[in-house]
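Below, each chain spelled out in residue letters.
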Amino acid sequence: MRKIGLTSRILVLVAAVAMVSAYFYPIWQIKLWAPQYPEGIGMQIWIDRLTGDLASINKMNFYIGMAEIDEAMFPEFDYLKYIIGFIMAVGIVAGIAGRRMLMNIFLGLLVLLGIGALVDMYLWGYDYGHNLDPTAAIKIPGQSYQPPLIGYEQLLNFLAYSGPDTAGWILSGSALLVFVAILIEYGVFRRLFKRKKS
Amino acid sequence: MKWILIVFSFAITVIIIACGGDTQTDERTTDAKDMGVEQREPDPRGIGEVTNVDLTDPLDEDMIRRGRQISDVKCASCHHYDTEERLVGPGYLNVTNRRSPEWIMNMITNVDVMLDKDPVAQKMLEECLVRMPDQNISLEEARELLEFMRYNDEKHAGERDGGVL
Amino acid sequence: MTKSLMFIGSAIFFMIALYSCRPPAPGAAATGDAASRVYVPPGEHDEFYNIVSGGFNGQISVVGLPSGRTFKIIPVFSVNPENGYGFSEETKPMLNTTHGFIPWDDLHHIAISTTDGVHDARWAFANANNTPRVARLDLTTFNTVEILEIPNSAGNHSSPFITENTEYVVAGTRFSVPFGEEEEDVDVPIETYKENFRGAITFISVDPDDGEMDIAFQIDAPPFNYDLARGGKGISGDWFFFSCYNTEMAHTLLEVNASQHDKDYIMAINWRKAEQYVREGRAETVRARYAHNKMDKATHMASSEIKEDVLMLDPTEFEDIIYFIPCPKSPHGVDVSHDGKYIVGSGKLAALIPVFSFEKMIEAIENEDFEGDINGLPILNYESVLHGEVERPGLGPLHTEFDGRGNAFTTMFVSSEVVMWDIETLEIIDRAPTYYSVGHLMIPGGCTAEPHGKYLVAYNKITKDRFLPTGPELCHSAQLFDISNGRLELLLDFPTIGEPHYAEAFPAELIKDKQVRFYDINENQHPYVTRGPGQARVERETEDRVRVYMTSIRSHFRPDNIEGIFVGDTVYFHVTNLEQEWDLPHGFAIKGANNAEILIMPGETLTLKWIPDRVGIWPFYCTDFCSALHQEMSGYVRVSPRGADVPLTYSTGGR
Chain H
1 MRKIGLTSRI LVLVAAVAMV SAYFYPIWQI KLWAPQYPEG IGMQIWIDRL
51 TGDLASINKM NFYIGMAEID EAMFPEFDYL KYIIGFIMAV GIVAGIAGRR
101 MLMNIFLGLL VLLGIGALVD MYLWGYDYGH NLDPTAAIKI PGQSYQPPLI
151 GYEQLLNFLA YSGPDTAGWI LSGSALLVFV AILIEYGVFR RLFKRKKS
Chain B
1 MKWILIVFSF AITVIIIACG GDTQTDERTT DAKDMGVEQR EPDPRGIGEV
51 TNVDLTDPLD EDMIRRGRQI SDVKCASCHH YDTEERLVGP GYLNVTNRRS
101 PEWIMNMITN VDVMLDKDPV AQKMLEECLV RMPDQNISLE EARELLEFMR
151 YNDEKHAGER DGGVL
Chain C
1 MTKSLMFIGS AIFFMIALYS CRPPAPGAAA TGDAASRVYV PPGEHDEFYN
51 IVSGGFNGQI SVVGLPSGRT FKIIPVFSVN PENGYGFSEE TKPMLNTTHG
101 FIPWDDLHHI AISTTDGVHD ARWAFANANN TPRVARLDLT TFNTVEILEI
151 PNSAGNHSSP FITENTEYVV AGTRFSVPFG EEEEDVDVPI ETYKENFRGA
201 ITFISVDPDD GEMDIAFQID APPFNYDLAR GGKGISGDWF FFSCYNTEMA
251 HTLLEVNASQ HDKDYIMAIN WRKAEQYVRE GRAETVRARY AHNKMDKATH
301 MASSEIKEDV LMLDPTEFED IIYFIPCPKS PHGVDVSHDG KYIVGSGKLA
351 ALIPVFSFEK MIEAIENEDF EGDINGLPIL NYESVLHGEV ERPGLGPLHT
401 EFDGRGNAFT TMFVSSEVVM WDIETLEIID RAPTYYSVGH LMIPGGCTAE
451 PHGKYLVAYN KITKDRFLPT GPELCHSAQL FDISNGRLEL LLDFPTIGEP
501 HYAEAFPAEL IKDKQVRFYD INENQHPYVT RGPGQARVER ETEDRVRVYM
551 TSIRSHFRPD NIEGIFVGDT VYFHVTNLEQ EWDLPHGFAI KGANNAEILI
601 MPGETLTLKW IPDRVGIWPF YCTDFCSALH QEMSGYVRVS PRGADVPLTY
651 STGGR
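Residue numbers (the working numbering), protein chains in the order written: chain H, 1 to 198; chain B, 1 to 165; chain C, 1 to 655.
Since the hints were derived computationally from the structure, they do not count as laboratory data. Hints should not be assumed to be uniformly reliable.
[Said to hold, decoys possible] No more than 20 Å apart at the CA atoms, straight line, and that leaves these computed lysine-lysine pairs for PhoX-like: (1) K59/H to K461/C; (2) K59/H to K31/H; (3) K464/C to K31/H; (4) K263/C to K139/H; (5) K139/H to K59/H; (6) K464/C to K59/H; (7) K464/C to K72/C; (8) K294/C to K307/C.
Treat the numbers as computed from the prediction; the structure is a model and nothing was measured.
Make a model of the complete structure from these sequences and hints.
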């Protein structure tokens, strides 16, 4: 088992500890703008709950037959806090133990978490945007309302944005820090530095 | 040297034209000032359409009757008949002895101009403080009112038409 | 490894970019010289009168265009303490109904009278949505002069639209209800909607000389919701078009259950034929009580009469009165182009705007090109009547007006914009955002045969951040566009009174020189007029009823000292304004009056009822700053205990 250097250990520890923000800040956000809502209305996804202008969003979506968003739609809220807690623990152990393998596993888990979350979001968004109530007041042939996975999209009169919120950005930052630590440990920077010197 | 002169004279022309515009504005402001007091020899006939009234003798009973009707409805709120004493405006008594018939009829039919420009009317406004309302009385009706005032003076003052020019 | 660095760098860049790449919001700015285009210099007049419904305030606003300045609020279905409308004894009967006195209603739509489809602006008509009524306003006095209750109706929404020569004003019910002469006709389970509910369409005749209204006949139409209506013009002048939603005939949770049909209908009524059948005696006289209230010009007093029956026409007995045009989807507005050739249905839940051709409709009727029927009333084939569809116009189309140059303008509620399109080619020419959620729109003369296609006003439901905020309740707003250059140019935002729905506008020249400036005191036939100060007096009419015959002129009332009034007396102050000059009203108010003030125009008589409830001296005064001595224009009433030894006396200035 290879040990890792002090810098990398600190990076890994900082990354792991920073993940605690997921319990205190929203991870993901969805925002909508329309002519009537120049200031926008939004929804924040936390580790275990939703906040924001859910009532307004649901009221508007009702006309086009979209399901009502509520926390019961997201079974992830039941176990996400444990998953993130587990990954965090792995990171802390990796930082303290200073094992390279553990550090690699930590990054792997973080990346898996990210990919898993995006896939999960996509599947939910697809269902949410396509599974419309056939008795809806406004029906537009061929029109679906799947929110963008990440970035902006125009849905009828609404401009929709989907992207990470505070904790989401911090989690990405954690992954980045671990990635940098791995680059250090595999000597990438050293080699780069050498080449420049010669 | 010549072209400097040309430019110079051109510039002056421009200034004159520009000033011309200003003069127009000035005229308008002067107009507005005219709305106020104007110092001029007062015309005892007042200001308005009435320049000459042919008075009849004896008095015309029909005109008196109609004049009284108009007066009762439109004038009596502010004018006593049998005294010079002020109610809101001055009483009718002796009005035909103080003022010319033309002045009286102009005051009735051209109130706003009279109150703005006639010095006698203006002096009374200063005393009474209430502008006499334009009661929308026609020239014919004003003549009937005048006849009633002549009758009123004859009855209460014993004489009438002392103000005839 | 440079690659990795570049990857990290680009990842960070991507994240930043994600946040900053938001597409720009639609521009909210007016064009540069907009201010000068709406500026009416001091002392000059606006080009158009804009008569604007007030919605839930039950009033009408009179606005000037292009300045957007409000000149007057006219009380119509609502009491107005400002001038005593609905409080003075003279005006109380105007608000009488078969339900008694109703001090409020919801006024949605305006119709300005026309001759040959062109504004003559003699009268304005207005609807009461809640307790169905139609009012007529005289545009020489800007007063409400007549109100007619509509029986058998509930939710008088598709009203008061008119035929091109103002022969009729229509009143279609938005809520179908059961009606009949007996209690068991109307006391029915709600779930028997389809069998028992009926949709009455009322045609109100208008006297061509004095404008007096009366119910000419009603048509017993299917129990749909009749939302809006328009009379035909020119070639379509004999027809009237009504938009129908809830053709599902739902009676609960309409927002879902009345939105199921892909197509509802536009109901076309041949009113000329209907009128003819009524004249031939083929309508049935049915008992239906309704109030008819009129303001008498000579006495300045309103009277209310309860009428007992109407003529009811059963359209299923005739083959050629009613035809249905399928129209997607829950149509709200139905509007007829200035030449009468096209009928535009605005399906508020539809993703397109269908435009129907009147000529094709006649052809389809002649060819019996039907796709079904409703109780025997033919449904025309959609494709056969269709001129074409405007594709992807926006979301939530509501209302359409015309500029007379071949363009139509439709409001889009959901996407909050006005869309300009070509009637012939159905192509979209321009669109402009509205702030926010536009309902009706209006072009001066835009619903007539002669539009003045210079301005367009959009009436918005939501203003939100557009004006200085005023707590939770915000003003509604209007937005003025210049459309004379073949596009929509925003010139002005201005707040409105109440909740404007429909409005109309016409050139000021039509009526501005016909305005009544004051009432001739010599023609005042009021039964309690005081014609001159000599007649001013106080009379005890009965044990506890007193009439004060009072005059007002700058700057006193006569009489202004009154004694000998007892607690509990009903005192009527009949105040006659003796002024004969324009813009010289006097007000009258007395302490403790539990109604309002009265504002008496020159030459007019108005009456305030007052019942003193305790002993004391009660001042009254003029409420309209009339002159330099306005503050002096006041008086006193002495109120004594009932039966006290105080004789009835009155005086002014000791006389």
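Comparing the hints with the structure gives:
At roughly 17 Å between alpha-carbon atoms, K59/H and K461/C fall within 20 Å of each other, so this suggested pair holds. Restraint check for K59/H and K31/H: the C-alpha separation of about 15 Å stays at or below 20 Å, so the hint holds. Proximity of K464/C to K31/H is assessed by CA-CA distance (about 19 Å); at most 20 Å being required, the pair is judged to hold. For the given pair, K263/C sits about 12 Å from K139/H by alpha-carbon distance, which is consistent with the 20 Å threshold.
With a C-alpha separation of about 16 Å, the suggested pair K139/H and K59/H falls inside the 20 Å cut-off, and the hint holds. Pair hint K464/C plus K59/H holds up; C-alpha atoms about 18 Å apart against a cutoff of 20 Å. Between K464/C and K72/C the alpha-carbon distance is near 25 Å, which puts this suggested pair outside the 20 Å criterion. In summary, the hint linking K294/C to K307/C is supported, as the alpha carbons are separated by about 13 Å, within the 20 Å threshold.
Hint compliance for this structure: hint 7 is the single one not met.
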